[in-house]
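Trainee: Produce the complete structure using the sequences and hints provided.
Read in this note's numbering, the sequence shown has 49 at position 49, and its numbers run on one by one without any break.
Simulated from the structure, these hints should not be mistaken for laboratory data.
Glycine is no exception: its CB is placed at the ideal position from the N, C-alpha and C atoms.
It is possible that part of the hints are untrue.
Cβ pair distances, simulated, as ranges [claimed, not checked]:
| no. | residue 1 | residue 2 | range |
| --- | --- | --- | --- |
| 1 | I226 | G119 | 39 to 49 angstroms |
| 2 | G105 | E77 | 12 to 22 angstroms |
| 3 | G119 | P44 | 35 to 45 angstroms |
| 4 | G105 | P47 | 47 to 57 angstroms |
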Amino acid sequence: MPGEESGLRPRSSFPKRVFPLLSLLACLVVVARPRWLVFVQAAPSSPPTQFTNTTKAAGINFVHFKGNKGTSTILEEAGPGVCVADYDGDGYMDIYFVNGRDLYGRGISVRNALYHNNGDAAFTDVTEKAGVAGNAYGLGCVWGDYDNDGYPDLYVTQYGKNILYHNNGDGTFTDVTDKAGVGGLDFGTVFHTGAAFFDYDRDGRLDLYVGGYAKFAPGSQRACTIGFNVPTSCRPTVYGGTPAVQRISTTTTMMARSPRLRWRSGWP
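Mentor: Right, here's the structure in full:
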């Protein structure tokens, strides 16, 4: 009757035949879900690149001599340099290793090493023939054709006087450090580490930048510790920093404190 609640629910307008269809679709979704997951999984990654140590087979037997006696000095804590170039123009890259030296008068003879690439996965030590053994505690090196003769020349940073080796084009080199004026500063109390050839003024000639590291002289080693009083070599700031040396087109020497050097021309 009107105004009274009926015990009967309103008849649904949703077709009864739709319910079985929805149930079937639900089952299909549940069953098919693992298959969809399989399809979206990423393909197995390829094996990582592997390297094989062929140093011995290639004939390279260079061993870096640190030179320390007991606690290392700041000089001996500096890492050794290595640089690569095709110095003889045969199409194969050759390797130059920088070595340390005996600083304690023990008579230990060591030298830098130049390995010529034979082109057959092997190298030959040609240091003595090339004349690039070095003459002091070596730290860094860089190749660059500073005179534009087509052959890369070699610059070596050392504790003491640095060396510029001119490539003669016949497999040999000549020390032209004094002629070029790139020996560095304060020989015996300052050592330089990194160096770079680049044409900073775009005049077609390579310029040379040499980074200074610290002032250090024999007998000036200081005692420093780290952590729970563990002895260690001291930081460069303990000894005092050194200027960087910039040789411009083999004509002018400039000095600048490396942290304050800024180049803002926007080149290149």
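Trainee: Which numbered conditions among the earlier hints are violated in the structure presented, ordered from lowest to highest?
Mentor: Structure breaks no hint.
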